[in-house]
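Each chain is listed here by its residues.
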Amino acid sequence: MTRTINIHHLARVEGHGGIQVVIDGGQVSKVEFDVFEGIRLLEGLVRGRSLEDVTGIVSRICAICSHSHSITSLQAIEDALEIEVTPQTRKLRDLAYHGANIESHALHVFVLALPDLLGHPSVISLAGSNPKAVATALRLKKLGNTIQETIGGRAVHPVNYVIGGFGKLPSTDQLLALEKDLTAGLADCWSAIEVLRDIEVPDFVCAPIRCAALVPEDEAFFFGKSMELSDGGARQTIPVQDYRALTNEYLVPHSHAKRSAHDQRSYMVGALARLTLHGNRVDGLARKAWEELRLALPSTNILMNNIAQAVEMVYSVERALHLVQDLLRTGLAPESPPPYRVRAGRGTAATEAPRGTLFYSYEFDAEGRVAAADVITPTAQNLNHIEDQLRAAVQQGAEAGASDLMLEQRSAMIARAYDPCISCSVHLVRS
Amino acid sequence: MKPKIGIFGLSGCWGEQIVILNCEDQLLDIVGATEIVDFLGGSSVNDVESPLAIAFVEGSVANEREERQLRRIRERAGLVVACGTCACFGGIAAMDAEQPREQVICQVYGSGGPASAWDIRPHRPLADFVKVDVALPGCPMEKSEFLRATASLLNGDIPQLPAYPVCLECKMNESDCLLVSRGLPCAGPVTTAGCGARCPGYNVVCIGCRGPVEECNIISLQKILEEKELKAAEIKRKLRTFAAPALDRNERGGLA
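Residue numbers (this note's numbering), protein chains in the order written: chain Y, 156 to 586; chain B, 46 to 301.
Only chain Y is shown next, with the shape it has when bound in the complex:
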């Protein structure tokens, strides 16, 4: 007997994707996570554009990760031009990343994923029965956006990030306002944890999760120069410059996005991977949230990525408050971006975007025009892992006698747990 689980258009994810799973005689014979988002060819289109223009274009790969795309692009350009940014610039970028993490995780956990866990079709319907939880989530989301607006000039597609620094530095008044908002945010974090604490995260899938994340090189959780990959108990590191040895991209017929595999096996990037590998850095209220939400790592339940995101959201509120207070204590030096000389070169950078590791690599000609661009997004790396988890979940569900409807709902929940960004994944690789 053949059973087919078909989700034509996955709801509550960013972009256009579908799922097809076929079960033949009790065995899963086919799993496809289709990405049919229209192809935009951005990496091909930026060829010939100047290094000053390229960041404003690639930011448009994705709205919700636009701050990560902008800053990672700039860091790759700075690598090519051998520009060292100042510690102040680094702190402000770190702050922006925490803002992005708060906004992205609040959106995903509460607006896109929580309806699944509480049996609602949408956050709109959830707002009817649980208005307080939704209001708290929206306040946290707004807090993340306010940080991004303060540092980047705009919540979606920032304008203030330039090569070597910022167009304009935030004012002391703006930082004081952020300090006030972040302090209130800590209380909201706790209300959010109380909402999630009572939820039993389903455990219909049990499969090992191979994690990859940047090794944080200092205080900043999202910046680093080497990747770490877990393999059971063993860990290996790969320098960011050699990212292609990790990602090994290739193409499949059913998807407009390229795939990644290391040693022919899938891996995942994102909050769960970061906390599995570097969770020992998490302390304070976030550690308390970790315990309250019963996050046990390493986990074999991919749905725990939702919980890992919630813990990271709390961590980011605390870290952002710490950074703002630090900047207020030292005061902002009136720095301008350093002058640079345009020349030929190659530059590579990686950062931890909210959804996982994001790689940028450029090659420039002598006039500073893009000769080649390569962007590898978190979701593109996760696609194979999503299919592996779908295979495990459907196989385990079918063996336990789950109905087609249940298998369909579970498949959607699995895919959604990764917070996939399909717009991002169709970035179109390597020119």
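Calculated from the structure, these hints are not laboratory results.
Where is the CB? At the ideal position from N, CA and C, for every residue including glycine.
Among these hints, one or two may not hold up.
Straight-line Cα separation of at most 27 Å, DSS-like style, residue types lysine-lysine; simulated pairs [claimed, not checked]:
| no. | chain 1 | residue 1 | chain 2 | residue 2 |
| --- | --- | --- | --- | --- |
| 1 | B | LYS188 | Y | LYS287 |
| 2 | B | LYS273 | Y | LYS323 |
| 3 | Y | LYS246 | Y | LYS443 |
| 4 | B | LYS47 | B | LYS188 |
| 5 | Y | LYS185 | Y | LYS335 |
| 6 | B | LYS268 | B | LYS281 |
| 7 | B | LYS188 | Y | LYS335 |
| 8 | Y | LYS323 | B | LYS49 |
| 9 | Y | LYS246 | Y | LYS185 |
| 10 | Y | LYS185 | Y | LYS380 |
| 11 | B | LYS188 | B | LYS176 |
| 12 | Y | LYS287 | B | LYS47 |
| 13 | B | LYS216 | B | LYS188 |
| 14 | Y | LYS323 | B | LYS216 |
| 15 | Y | LYS323 | Y | LYS246 |
| 16 | Y | LYS335 | Y | LYS323 |
| 17 | B | LYS268 | B | LYS176 |
| 18 | Y | LYS335 | Y | LYS287 |
| 19 | B | LYS49 | Y | LYS287 |
| 20 | B | LYS176 | B | LYS216 |
| 21 | B | LYS273 | B | LYS216 |
Partial selection, computed: residues in chain B whose CB lies under 8 Å from chain Y [to be verified]:
| no. | residue |
| --- | --- |
| 22 | ILE81 |
| 23 | MET140 |
| 24 | PRO145 |
| 25 | ALA208 |
| 26 | LYS216 |
| 27 | TYR247 |
Chain Y is already provided as a structure; the job is to place chain B on it using the hints.
Below, chain B without anything else, positioned relative to chain Y:
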């Protein structure tokens, strides 16, 4: 009965749906004043049949599936609002490239292989396929403009949108002119206002993300930039990043 609305995304970055979700202070009011019946980005249960008072559509049309989807939305909706520069003007996926698209695809995916079977077309704005009632440009569209336009439409009014360039807002902000006093290639003179001249306020040039303003004089800006020793090809590419299809039709001032 509350007006039914739908929110749709074609090919793009999801920016306008994020801007709508970023109206954190107004979201519950919008939900209270309307019935959001079809919003795949936000709900797993959607009414895909009933007529809509307003359809908000972001993104450009990249393939036949999206063209069919857009035509179906037009049939259902009393008003179609094009949200963002991709929907209004084609956006960056339609920008000028060094090489033809076919060549870019081969470079990216290799010739032959799975990619040769894909439906890949040039990205087009909504108005190339259906009648658009209101256009809210911007990459992304401005939250304030979206809220004002929605409030107007819900009250039966035609939204008032700026028909003047970014320069006017920049002067009102008393920002230093990046083009004249610093000699930087700013697209403010030919770009539709409504953003509050945000970028020049950050000492960063306007890159034209809101598309060309009505009756803009692109030739004149081109001359100013040539005097500043920018190469013609470079100027052309800069000014055709966000709205190349609209400029092709010479709707809003040609480019030599």
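To see whether the hints hold, each was checked on the structure:
| no. | hint | verdict |
| --- | --- | --- |
| 1 | B:LYS188 <-> Y:LYS287 | 24 Å, holds |
| 2 | B:LYS273 <-> Y:LYS323 | 24 Å, holds |
| 3 | Y:LYS246 <-> Y:LYS443 | 25 Å, holds |
| 4 | B:LYS47 <-> B:LYS188 | 22 Å, holds |
| 5 | Y:LYS185 <-> Y:LYS335 | 52 Å, violated |
| 6 | B:LYS268 <-> B:LYS281 | 11 Å, holds |
| 7 | B:LYS188 <-> Y:LYS335 | 24 Å, holds |
| 8 | Y:LYS323 <-> B:LYS49 | 43 Å, violated |
| 9 | Y:LYS246 <-> Y:LYS185 | 47 Å, violated |
| 10 | Y:LYS185 <-> Y:LYS380 | 37 Å, violated |
| 11 | B:LYS188 <-> B:LYS176 | 23 Å, holds |
| 12 | Y:LYS287 <-> B:LYS47 | 24 Å, holds |
| 13 | B:LYS216 <-> B:LYS188 | 22 Å, holds |
| 14 | Y:LYS323 <-> B:LYS216 | 18 Å, holds |
| 15 | Y:LYS323 <-> Y:LYS246 | 15 Å, holds |
| 16 | Y:LYS335 <-> Y:LYS323 | 22 Å, holds |
| 17 | B:LYS268 <-> B:LYS176 | 35 Å, violated |
| 18 | Y:LYS335 <-> Y:LYS287 | 21 Å, holds |
| 19 | B:LYS49 <-> Y:LYS287 | 25 Å, holds |
| 20 | B:LYS176 <-> B:LYS216 | 35 Å, violated |
| 21 | B:LYS273 <-> B:LYS216 | 22 Å, holds |
| 22 | ILE81 | 6 Å, holds |
| 23 | MET140 | 6 Å, holds |
| 24 | PRO145 | 10 Å, violated |
| 25 | ALA208 | 23 Å, violated |
| 26 | LYS216 | 18 Å, violated |
| 27 | TYR247 | 4 Å, holds |
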